[in-house]
Amino acid sequence: MDAPMKAQHLGRSIYRLGSLLTRNNSVGTAGERTTCLRLTAKKLHNPIGSSRKPLLLPCRQLSNLAEQFQAASDARRQPVNVHTVFRTEEDDPIQQSSAQEGLFYTVPEGEVKRLFQKGLSVQFTRQVKTFNETCFMVRKPALEVIDCLKHLDLNHPAPRFLLYGNNGSGKTLTMAHIIHYCYRNKWLILHAPWPSDWNCRYHETSPSPHKAGRIDLPVEAAEWLVNFRSQNADFVRDIKLSQRYVWTKRETAEEGSPLNEIVEFGLNRMKFASDCVGAILKEVRNQAAMHKIKVLVAVDGVNAFWNMTTIKNPERELLTADQLSLVHNYKKMLLSNWTHGAIVCSVDAFANARDHREKHYPHYLLGKEGYKWLDPFVPVHVPDYSEKEAYSCIEYYLDRNWIQHEAAQTEEGKKELIFLSNRNPFQLMRICSSK
Amino acid sequence: MEGMSSVRKLCFAHFRLLRLSFDQTAQSRTFCREAALYQRSRHQRNITEISEEEEFRTYEIPGLKIKDDTRYKQRKRRQIPPPRYRQMPIDQDWTNVWPAASTFKWSVVPFPVRQGYVETATENDGVIPPKYANAELMKIPNFLHLSPAHVKKHCAALKEFCTEWPAGLETDEACQKHFPVEVQSSDYVFSGPSIRDPRARTVTVKLHLSDLELDYHARDKFIRLVGDCYNPDSDEVVFTSERCPLKRQNDDYIRYLLTAIYFESWKKEAWEDEKAEEDMEKYFWEISKSKDTVIKLLQTTKEIDKASASAGDQKLQYLPDDTSEESLLALKEVQEYRDAISECMNDGEDDNSISKYGQAVRKLLGIRGGVNTEAAS
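Chains as they are written, first to last, in my numbering: chain R, 39 to 473; chain D, 34 to 410.
In short, the hints are calculated from the structure, not lab data. We put the beta carbon where it would ideally sit given N, CA and C, even for glycine. Misleading hints may appear alongside valid ones.
Below, a list of computed lysine-lysine pairs in the DSBU-like style, where the Cα atoms sit at most 35 angstroms apart [to be verified]:
hint	chain 1	residue 1	chain 2	residue 2
1	R	K309	R	K330
2	D	K339	R	K278
3	D	K339	R	K224
4	R	K320	D	K389
5	R	K369	D	K396
6	R	K410	D	K396
7	D	K389	R	K178
8	D	K389	R	K156
9	D	K308	R	K332
Partial list, derived from the structure: chain D residues whose beta carbon lies under 7 angstroms from chain R [claimed, not checked]:
hint	residue
10	P181
11	I320
12	L330
13	K339
14	N379
15	E382
16	R401
The following residues of chain R were derived to be distant from chain D, with all beta-carbon distances above 12 angstroms [said to hold, decoys possible]:
hint	residue
17	A104
18	Y143
19	K151
20	E182
21	W232
22	K320
23	H419
With the sequences and hints as input, model every part of the structure.
The structure is reproduced here in structure tokens:
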């Protein structure tokens, strides 16, 4: 390669970066902040001259041929990639818009601890621990739902949104993003992270003291209470009970006492934990409109509510999920007969029994009963990564030194990763990790 | 010398005796007795020879003298001619080589072909066996007797028995239109002690359901009555009967069956009105729970809108003041929703129908934001 060609090559790459940055700047003037961490002046510092403003310098301003040579060889050593922008500093989901689509934002550590004790997949949690930060990608389905929530008329009956998509396409993380938005926007969150566990991975069962024939899951209910308390620390003190709850002859929750009391009682007397969950849900449903509290009901893998459990009754018959008091109570939240709230659910093939996982469409996964229960809902498709999102994800992994193979730096390597994963987020994560 | 001559005589006498005994081959018993005698005499002769010491026996070293083995020489084998396929001219008539259906013959088939399974790379050097002495090729059926040349010959032979194709039936559609009912049966011809074949009694009748005059109810009932005989993909009804011993009887039976089912499907019994949602052949929104839910939801929404004093921009604009069921059902939004959910349930879900359903629900519930705003802006 002779000298002019090298110079030209460098010029092109700089121009590319320049246009990228100007675009981001123009976005910035429109009121949204976007920055690119990787794209600091570090990459462009020396070849162009340290004293000058580093960006937007076309190559013809280089003074002499020697300098051009130097610049060209430097540029070849550090291949400049268009896709290096993968991160946004806009960590407030309220402010995010389609300008940030495909970029990662970091959720502050404290909020992760508070919101996502449960509700993130095991693999993702492990990755979070390794990367030492929790990053969500801003994706279209989440933006869509958040936009709907922004424009919601809270006086109307709660609308229902149903996320559906392929296995591993990011339904759970989309929901986590929505929950994060709602948390920032001061919503009360009723989050059931993975109710399929209630059906088959329960710890212990006991007959319900409230209603004969129903089954309580004390440990799961207590876990839910803990999660509820940590997600809604501000609300549990403010909401007062609207009626008196009698647990036993001696133990009652008086009218007007804070919701916190029921949570504490449920945790102390695990026998009544399931009933406490029911009471909390009922109170929230009734008082949302009265106290102008915005309520988000989030259920991941909602189709588990209409499945069979592995629990057997004394007649040795398997129970259906709605015979669990937790499920029974939660299903009431999914009806839109209450106001000042929104319901976001996802259907997941993995919440179904093994022989009912062929399709990812709502009616197939929910079954007739479930569809009847949720209809009319707004289906929100969670697609696999787009080209841009896939590149962004790979860049993020490279940035975290998660992919250390040299080939991953090259365009061919990235393309290979994208091809192998078929742009499925979970598959990409699997391929890029050693497992 | 005397002694010697006597020995000679004795030997001679013995040989004569022996000759005699060989002459009488038919009498084996005599021969046996004589043979025993001969053995004994040979023994005596040996004694006499040794005692005589006239000449030494020569010791023959095995292998030293070249044996005359002409007697054992193998017969000269006939030379094997090359297989037939090597001797074939290129422009031969294949129908003469392979006139009728036959098992695969490697020596006749003029092209290379391999068949079989090689389990490991070591077996047969990892190569699938060629056609020579390949039993696998003999097991499978071949169509070497049905080459285009064969078919041409068959057609030429059959041509003199054919009649002219009727005018106006050039296309399949025309045939279908003028002859909607297709009756199939087979005759079997063979030489044997009996000319009857039990398979000849089977009769099949095919017709398209659309050719029958049926209304919605009758069509549904017809389909339910015929059960498996109806193929929804091709809209075809196929009746097959072999229950009667004769072809004619089966034919009559199917005609009767078709007539009976046709008129039965037009009848409507009193109990048919009791059909519930579960019994329906497809999804009807009007009788589903979805309709009740939506009507109730819209009525609630309207009540809330009426009660609230806020600006009208948050309300569902399209709802009329009169929220009776009839007026709600007449709304464009509700009808659109009905069509969308019916499509989802009846034609199966896919991305397209679900997104259509989503759009309908957004309009129905007045949900703004998301896709709608982006599309609008």
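Right, here's what the structure says about each hint:
no., hint, in the structure
1, R/K309 / R/K330, "32 angstroms, holds"
2, D/K339 / R/K278, "29 angstroms, holds"
3, D/K339 / R/K224, "28 angstroms, holds"
4, R/K320 / D/K389, "34 angstroms, holds"
5, R/K369 / D/K396, "25 angstroms, holds"
6, R/K410 / D/K396, "19 angstroms, holds"
7, D/K389 / R/K178, "18 angstroms, holds"
8, D/K389 / R/K156, "34 angstroms, holds"
9, D/K308 / R/K332, "44 angstroms, violated"
10, P181, "44 angstroms, violated"
11, I320, "13 angstroms, violated"
12, L330, "6 angstroms, holds"
13, K339, "11 angstroms, violated"
14, N379, "11 angstroms, violated"
15, E382, "4 angstroms, holds"
16, R401, "4 angstroms, holds"
17, A104, "52 angstroms, holds"
18, Y143, "20 angstroms, holds"
19, K151, "30 angstroms, holds"
20, E182, "4 angstroms, violated"
21, W232, "23 angstroms, holds"
22, K320, "19 angstroms, holds"
23, H419, "7 angstroms, violated"
The structure fails to meet hints 9, 10, 11, 13, 14, 20 and 23 from the earlier list, while all remaining hints are met.
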